[in-house]
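Chemist: Given the sequences, and given the hints that come with them, work out the whole structure.
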Amino acid sequence: MLNLLRELKDLRKKGVLGMNRRNISYIGRYNERRLYPLVDNKLTSKRLAIEAGVSVPALLGVVASQHGIATTELALREQSGFCLKPAKGSGGKGIMVIRRGAEGGYLRSNGQVISSEELRRHMSNILAGLFSLGGAPDQVLVEALLECDPSLTGYSHEGVPDLRLIVFQGVPVMAMMRLACAASHGKANLHQGAVGVGISIADGRAVLAVQKDAPIKRHPDTGMDLRALQVPRWQEMLELGCNCADMTGLGYLGVDLVLDKHLGPALLELNARPGLSIQIANGAGLLPRLREVEALRNPARLSVAERIAFAQDHF
Amino acid sequence: MTWLRHKTHDVPWLPGEKRQVWSVEARVEFEAQGEPVKVSLAVPQTQTRFERLAEYTASPGYGLAFVENGRERRAEWSIRNADGPQTLYYRLDLLVDPSLAVADTAPPLEAPSNLFDDSPHATSALHLLDNAVERSADNFTLARELILEFNLQKQSAGFLEQRQARSRWLKQLLNYAQVPAREVKVLTLEDGRRRQRLQTYLQVFQGDHYQLFDPRSGRVGLSPNQVMWEYRSGSVLELIGGSQSDVSFSIINQEIPVSQGLEKEGDHFSLLEFSIHSLPVEEQALFKGILLVPVGVLVVVLMRVLVGLRTSGTFMPVLIALSFIQTSLLTGLAGFLLIVGVGLVIRSYLSHLSLLLVARISAVIISVIAMVAVFTVIAYELGLNEGMKITLFPMIILSWTIERMSILWEEEGPHEVFVQGGGSLLVALIAYLLMTNDIVRHLTFNFIGLQLVFMALVLLLGGYTGYRLLELRRFSVLGKGD
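Chains as they are written, first to last, in this note's numbering: chain A, 18 to 332; chain B, 554 to 1035.
Read the hints as simulated data drawn from the structure, not as lab findings.
Note that CB positions come from ideal geometry on N, CA and C, so glycine has one too.
Among the clues, some could well be false.
[Unchecked claim] Computed from the model, here is a short list of chain B residues facing chain A with C-beta under 7 angstroms:
1) L910
2) W953
3) Y1020
4) E1024
5) L1025
6) V1030
7) L1031
Modeler: Given below as structure tokens:
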């Protein structure tokens, strides 16, 4: 019991944001319900991004009905690689990355061979709403594959590393790099065993790396020194994150970005209910930073450059 | 409001500190045929352990009289003209008084009926009686041995029962052996039961004493919560001018202060005038269950918001807990694990068939029903009556659980399935323990105002911004960082 109380005090002192406070004081207060569909439907957010001039992975096709599956699958045989996503999926559920194998078959990102029948079944499942919130009928997005920027290869095993930014009232407050590894089966969610690297907002350098809540120094599969990680084109990444927040109008937003070999910084996904593990990867609580932004007068009136400057000064 | 009820109506805070009163409501239903109708219902007297406190009837338009004929009482309703479906209510409050003993006089022996001729039925019945007489010493042991004989000689018993009910045979055979006996209709009192039926028991006399026998098991005596409803070997319900008659019983248990129970004896005691208590007993029994749901819901809110347990589906634990109440805990748990386990296996086969989602869920629902049927039959054959109660699980909820768990298994691995499944079961267990607690049941039913308290608690918890208990562990790495 005493132990618990001491822990509670430590967390308070660190300003760790808990699930309840996140839901009530931040998501509930700063995110308007009517804006959720912009983020919860990847197709809508993609169209929004294209309108706002934010670069995104190319959209190869959309499947909206069961009979569209066969034609889409035929068309996909021409592609060297692509990615299937449920439009309303959450937490990375239902995402399937496919590459063309040597003999022309489909390969999943982990090297597993997959038949075209299985591929169709997966699309059919997505349409039926297996991965969507509340089981609502869904659409399949077919996206072009991203290619990892050479400066980051080696940091991620099976899968492109992505950068998660928490943007609060237009100000980036915390960042983390998520690296897939063998333990996470190519997935980039921390609770599935992916490596999380806290990134300093000021300069894009790594501050701490964790896997399964335990600090680590090297990538478990590639052996790269994680503390040497520095996100390239950091200013551009921050600007992109701010632009994304502005275009949705959401006050508390998780932005997932990637650095593509050809596109440069690109938007992968938006999230109106970003998780809290980012605090573990940074070894710091979110609350003090959120409060500093809340103390700002009219952060919305500041320009993107001013907001980034503020963030880099303070965090 | 709750305080007011305690003060002005003297409703006790805790169960058990006052006298126990069973309210039994008989509901007579029949189809009237547009002629004069006469309905006669046997109603119980004060008897050993139960004192008749008060009785009420609800029967719009009907004339009512209580007819006393020897020791038998009957309620008689009459009306000049009635048509269509009719419902009559008779409600009785019985005060439990363990020290009360009412002697009963033996019925006259019935003359041996013409059943005891040279027919094969008579031969085989008398054979059973002979065997029993040999092993018996007095009237009671004879009755016991006779029932035992019926249970041993299954073939003869089955043959006899083709002709008339076992209890009727037992009575006639005992009378034939000069033992006064009669059939009585017994009602099992169980709190919150609706649509209960009467069971036939055998009342056997020896001088001024009598004992009751279960004609099936041969068990002697009534359990403390069984009351004799009809004991003249007559019929429970007689109806003239109607058809398709039916009687069913609803029962609830109440605690009332001793003083009040005695004072108001005999007249309509308006314990709680404007409340659920003025509803018919059947509806009250229903409400007794419904009023417990907020307790379960509160547990879910507590566990999710304060502790941070993950459950599969928000309110599934409450539904599971409700089914546990119906099935009893152990059978419920075993049945739940069994069905979900086998369901997961079936579901993993279904996933090979590449079905559409809706079709697959439907297939799971049908398999779940089939499984429940199979398990129930197996349990019944093995003599486990408890197994029959598995059927009370909500099928659709079970099927969705199986589907969700199976997807979880495929995507996150078995660990997550155990976390969420275990979380759901744990919450269901806590909810079950609370919902079956006597004090909780008593409070929720007698103090409706508590619902507002639950509401307030839920609203309070909804605004809780502190850490969840499990978050302390999740973020403990952060706390130690200093």
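Chemist: With chain A as the partner, please determine if E1024(B) meets the hint condition of a C-beta pair closer than 7 angstroms.
Modeler: holds (5 angstroms)
Chemist: Can we keep the Y1020(B) interface hint, with Cβ of chain A closer than 7 angstroms?
Modeler: It holds, given that the least Cβ distance between Y1020(B) and chain A is near 4 angstroms, below 7 angstroms.
Chemist: Does the closest beta carbon of chain A sit nearer than 7 angstroms to the beta carbon of L1031(B)?
Modeler: holds (5 angstroms)
Chemist: Going by Cβ atoms only, is V1030(B) closer than 7 angstroms to chain A?
Modeler: holds (5 angstroms)
Chemist: Have a go at the L910(B) hint: is there a Cβ in chain A nearer than 7 angstroms to its own Cβ?
Modeler: For L910(B), the interface hint holds, since the closest Cβ of chain A sits about 3 angstroms away, which is under 7 angstroms.
Chemist: Holds or violated: is there a CB of chain A closer than 7 angstroms to the CB of W953(B)?
Modeler: violated (9 angstroms)
Chemist: Under 7 angstroms is the threshold here; is the Cβ of L1025(B) close enough to any Cβ of chain A for the hint to stand?
Modeler: holds (5 angstroms)
Hint 2 alone, counting from the list given before, is not met by this structure.
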